[in-house]
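Chains as they are written, first to last, in my numbering: chain A, 58 to 610; chain B, 58 to 610.
Bear in mind the hints are in silico, worked out from the structure with no lab data behind them. The reader is advised that the hints may include incorrect statements.
Note that identical chains are pooled: a pair holds if it fits in a single copy or bridges any two copies.
[What the hints assert, rightly or not] Derived pair list, reagent style DSS-like, types lysine-lysine, alpha-carbon separation capped at 27 Å:
hint, residue 1, residue 2
1, LYS258, LYS580
2, LYS573, LYS588
3, LYS291, LYS580
4, LYS580, LYS557
5, LYS201, LYS425
6, LYS258, LYS558
7, LYS503, LYS610
8, LYS557, LYS599
9, LYS201, LYS557
10, LYS600, LYS610
11, LYS139, LYS557
12, LYS580, LYS201
It should be emphasised that the depicted structure is a prediction, and the values quoted were computed from it without experimental measurement.
Below, each chain spelled out in residue letters.
There are 2 protein chains.
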Amino acid sequence: MSNQFVIGLDYGTNSVRALIVNAANGAEVGTAVWEYAHGAHGVILSRDPNLARQHPADYVAGAEAAIRRALAATKRNVRGFKPEQIIGIGVDTTGSTPIPVDADGQPLAFDQRFARNLNAMAWLWKDHTGVVEAAEITECARQKRPQYLAKCGGTYSSEWFFSKILHCLRADVAVFDAAHTWVECADWIPAMLTGTEAPGKITVGVCAAGHKAMYNDTWGGYPDAGFLGALHSKLGRLRSRLCPTAHTIDRAVGGLTDEWARRTGLRAGAPVAVGAFDAHLGGVGAGIAPGTLVKIIGTSTCDMMVAPVGEPLADIPGLCGIVNGSILPGYHGLEAGQSAVGDIFNWFVNYVRAGSHQSLSAGAAKLKPGESGLLALDWNNGNRTILVDQLLTGVLLGQTLYTTPEEIYRALIEATAFGALTIINRFEEYGVKVRQIVNCGGIAEKNPLVMQIYADVTGRPMKVSRSAQTCALGAAIAGAVAAGRFENFAEAQQAMTGLKKHVFMPDPKAHAIYRKLYALYHKLHDAFGTKEWNGNLHDVMKKLLEIRSLVRK
Amino acid sequence: MSNQFVIGLDYGTNSVRALIVNAANGAEVGTAVWEYAHGAHGVILSRDPNLARQHPADYVAGAEAAIRRALAATKRNVRGFKPEQIIGIGVDTTGSTPIPVDADGQPLAFDQRFARNLNAMAWLWKDHTGVVEAAEITECARQKRPQYLAKCGGTYSSEWFFSKILHCLRADVAVFDAAHTWVECADWIPAMLTGTEAPGKITVGVCAAGHKAMYNDTWGGYPDAGFLGALHSKLGRLRSRLCPTAHTIDRAVGGLTDEWARRTGLRAGAPVAVGAFDAHLGGVGAGIAPGTLVKIIGTSTCDMMVAPVGEPLADIPGLCGIVNGSILPGYHGLEAGQSAVGDIFNWFVNYVRAGSHQSLSAGAAKLKPGESGLLALDWNNGNRTILVDQLLTGVLLGQTLYTTPEEIYRALIEATAFGALTIINRFEEYGVKVRQIVNCGGIAEKNPLVMQIYADVTGRPMKVSRSAQTCALGAAIAGAVAAGRFENFAEAQQAMTGLKKHVFMPDPKAHAIYRKLYALYHKLHDAFGTKEWNGNLHDVMKKLLEIRSLVRK
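Just chain A, same shape as in the assembly (with noise of 0.2 Å):
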């Protein structure tokens, strides 16, 4: 048997890229990045600090370019390597990242009269103007439907489907009434390669309904036409031209179109497998199984775990949710993360500009925990997990006259692992254990530093996947699963997956120091993130100086 291969389509928040995966092996053998041509590095911002929006022509274009190059450098990379041995094809997105579109499916910013309208674009996952409509569907769904809020952590996000059609219902009621329906990206792009874009052909993926637009089996899909009603009349008569069912990621949406095999290279017909978001493939290329957390760490982070089908299993508060078959079919999918990681350090590096990203690393690198006498919370864009709340934003508390910026780099850095730290705890106290932490994304693969001080927060030790690439290798995985090249997931990850050699130990000592410095942040949190909270922080000042002593002795 020849060598198969597969290839996995991850859009990102600035870039599209595309791998191509040894199906035998995971072996990646050529890969392409094209940048999105709109906007800030593809995001498209307004005076608006809340909004952010994306082009859906960069899609179409970063398809092609992205596909023909990857193709190219396999050529160069594989003797002999004919692009018909690519047997399967996998795509993940970011989301929710809900698109409006019309009767054919297309995107309402194709059509002239909506060419320059931002409502009629991609929302992007991070946009956040529909902050007061999520709080209305919190709110009507605490009173009418609870049931819904169980399976999504007791709150509906910004981020998310709903909202964002009910802000553009209420901001923009020309765009809505356009749009036939709305479409998750993941669902989208699946549908463009396969030529099943229009109503009633598409195929949407339970992964982004399930965890960002409230989609469950036991209540019959999306949210009933009454409830969705309630918010808004035409909201509910939304509800029908929404797709009725969800699936897995196991199956096929189509086969490439001729057109689309042209403009790539690819063979036509090639299974197109359904989509989902980049951090459930991103688990799936890390190799996620019950009791390993994979958080793939960007400019923000997904903590992907999965929880066997059958087997007892709580509602989580402050989950993002638990749906089943959203990362592997035959599990529960359980999503957690942080709404900024890596963007709050490009924040301090590109808006204070107080130094480099290496300068700053190399600096923060030769100080002690607890060294600096500093403490930040990591919600410069709000909090996802465990709180939900978009409306809360950064601190950094315990400056001094003589606070360099290294020290706030690295308090910065350990903001995020006490964040981190705070959903490994919440997975656990609802009898969800952590035996294993798989790292991946561009922060677990090249900033040691701060791999070390996650190792350190937690006291756990930190894995890194193989693969550089883990949301596009899983999407190749999805791809290889899809063509019938494995019998299951389970079988396939087995075959392409894997760890680095080198983990990251915790240091006994530095854990001793970042478990008081974690009361303190944890009473920071609480005292600021919840209403519940009753009390005094007359003794954090004293004791980040207390143990500044300590370790300055």
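Starting from the known structure of chain A, arrange chain B on it as the hints suggest.
Coordinates of chain B only, in the frame set by chain A:
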């Protein structure tokens, strides 16, 4: 009568200034600044971030150099000027800045044995090494002598006389034992100029003694030996080697020695007034009188008021002191202050390195109140008034992924304005009405943005002293009064002080926003700064975002 001149010697944190003034009208006819030679800009630091010392050799060299150069400048500026026309000399210094001295009144630092010992030098006002000792003194006074605390705001500070001496006794007993006694810099300089350094000959001022060393006529001067002995037996024995009586600044400590006449070019025998702190003589130079709050704004601030002796006056918790005659004879001097103001802006520019003062001010001036969503606490160097707690640190809250350095810089300015308002409110809560505010010092002089923000935050007009050198001017005024040129200080101030024409008026719209922000500042202030506060901070970030939305609309 030919013109008469006086000279003020102003010993600051980084340099000493000599200012020659026409006694008839306050015209400043010649000035010179001499930068201290030791340490970083005159301040000797160590790995211990609490430590800040000065070398007394800089005081000696500085007097000679600054006076000589000021005389030379005056000769260039005033036709026919002769140094003999200088009829009196006044001195102000930082404080509490105690110096350990030998049996001849010479600083131990001049002794070869201690030449490199930081503890034998002058313990600069902002040295916080005695933080544990300060708490001990406070506790001891609370139990045994509550009356001591009532006059110094309820808490004895680590910045003050006995905290530093007791810390030296604990940390470096060799220095303590070698010292015959300890003398405030404000007392030592006039003694040096008049050859009265020796114990028995030296005259001490009530300003330093009263505000920093619990000196009060009602209990017989300094704290009694029993009290000091309860802290440490050696401290009890030091009591008898402290000068028994402290004086107001209307008196001369003696005449300039022949040697100092030769070194400086001034007339031998010229009267030198009793020394006082820079802030107190700055108050005099800014025209302090009942109802006038003088704010001296530099690296830190001093907030000075006077209240007539004989009228009822409450003990005011959190003030640095209420001392009979410490500013003007016949009035209680009331001292409050912020531990860092300009130092916070300098920290941001020099340590965080996010821009220059000029570029940051220009950017910050374009922002509207509340527009950034930021809120800061001005505690990078602790809090002097009203919390009297050095074990506090800075806070920055509200940052997003788009927060700019200009926004942070403005938030830091606003934080110092909120701190200033807290002091004004404290005066008024205890019956000391603030009828006008006169600002002076480097920042009042040079930074109109800071002055406008102070007006907008407090809702009060901000006036600025005519003189850019009110401390040195106040010292010169004391020299004039000590020389008998005026009957009293009111007459001298009438002749020699004034205000600038431009007054910064509050903008009602900005003030309305700042009232909301101040309520949030106040909440953080009490939550982190007091043990009594009990509550929840869940609304703080949300209200900041609300205000931000409102302002950006």
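Checklist entry - Does the structure break any of the earlier hints, and which numbers would those be? => result Hints 1, 3, 4, 5, 6, 7, 8, 9, 11 and 12 contradicted; others consistent.
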